[in-house]
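A.B. asks: Numbering follows this note's numbering, in which position 207 of the sequence shown is assigned residue number 211; successive positions increment by one, without gaps.
In case anyone wonders, no lab produced these hints; they're calculated from the structure.
Since the structure is predicted, the reported quantities are computational estimates derived from the model, not experimental observations.
Some clues are possibly wrong.
[What the hints assert, rightly or not] Below are the DSSO-like pairs computed for lysine-lysine, each with C-alpha atoms no more than 27 Å apart in a straight line:
#, residue 1, residue 2
1, K374, K406
2, K88, K109
3, K406, K434
4, K88, K57
5, K374, K277
6, K57, K225
7, K204, K225
8, K225, K138
9, K92, K57
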Amino acid sequence: MADEFDYDLITLGAGSGGLSIAERAASYGQRCAIVERGDIGGTCVNVGCVPKKIMWFAANLAHMIDDADGYGFDLTRNGFDWSKLVEKRERYINGINHWYHGYLKELGIDEIEGEASFVDANTVIVNGQQYSAKNIAIATGTHPRVAGIPGAEHAITSDGFFALDRQPARVAIVGSGYIAVELAGVLDSLGSHVTLFLRKHHVLGEFDSLIQSTLLEELAKSGIELRTNCQITRIRRTASGLLEVDDNHGVGLEAVDQVIYAIGRTADLDPLKLENAGVGINQNNFIETDLYQCTNQPHIFALGDVTGRAALTPVAIAAGRRLADRLYNNQADRHLDYELIPTVVFSHPPVGTVGYTEEAARAQYGDRIKVYQTRFTAMYNSISGHDVPTAMKLVCLDEAEKVIGCHMIGPAVDEMLQGFAVAIRMGACKQDFDDTVAIHPTSSEELVTMR
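Construct the complete structure from the given sequences, taking the supplied hints into account.
C.D. replies: As structure tokens, then:
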């Protein structure tokens, strides 16, 4: 480390991306510091993946109780204690936070608490103290977008959802992406009455049409009230403390406990004073980077959600580790390939997808595409008496039928996708799937027996 710098690397943000690059850099003997203004672990640990999955587990248990009669058990829902679940969830998250603090200390990574702003391209200031580094990595993540309508201050975002200490009886959710459908499924499954406001007529806009149509059907069948092509125009709090909602259809809602906005996220850039370091942003207000996570300034890098590319925890982790490998372990071409990234939506039922959608593949390759798909009811659901569909699709290219897309919706597909994602990344063709002996009886065998 050059004498003129306090550190080899300063990371701004202690979320998945920031922690991953600092950890890997420290393992290579670099002196590192990490700056965080909030709770360690970032969105994923505190108001994202981790608490969401715990709520999803609870919702799944509710479904299993409903299914039990079909398997001969005399079970009923005798109440649900939201506050008890939240208490245990937060205790679990606090344990993760505590572990991270100890782990960083063990690695020799300095934690700096506070909000960082650039002084110049090699220096940041936190709580009045300046810190310099040869390299600086920006991994400050994103925050939820809020609506610009009258009464928006009465609504909450997904962050606010995880602060609820009581279960809302009636909820309006605005949005059609991952977060909106996940929260809608959780709340509906746990007994809340949910109205989902969709700006268009579908959910999960970037997903394959098979996923969109099947999930929309299931949301409606579960009892969620769908307001398609509909936007909230005003929110009012009544004397009773409940909320009234107006929409562009003139229908609205009366007496809801919460309005939750899940309309996307935007980068946390304002406090950084990027102009002092000359760091460029793109038209969508995310930090512009190349394939190597480089910004337009030497020695300043950005990774994770703040770049606007594939806002997923494993992506941020992978990008951070690869960047550290390149900077500090002589792996000059090490970088993350953003193609063929698998992802799961923890809806009810869950969704798993990797690669091209059929629509995107046909737009790029035309008649060179062949599609295989199936729809069935899993054995578990056939016995339970609750008809939850499973649907699967393979998108294949050219005569060799290289598999370039895999899309699934149904019980347990979230746990099926990872292995198939490996095969697709390795260039597997449909014949490779066909030549693989099926595991029976499972839902996943359909992917290797599809005709």
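A.B. asks: Sort out which numbered hints this structure fails and list those numbers smallest first.
C.D. replies: Checked against the structure, the hints that fail are numbers 2, 5, 8, while the rest are satisfied.
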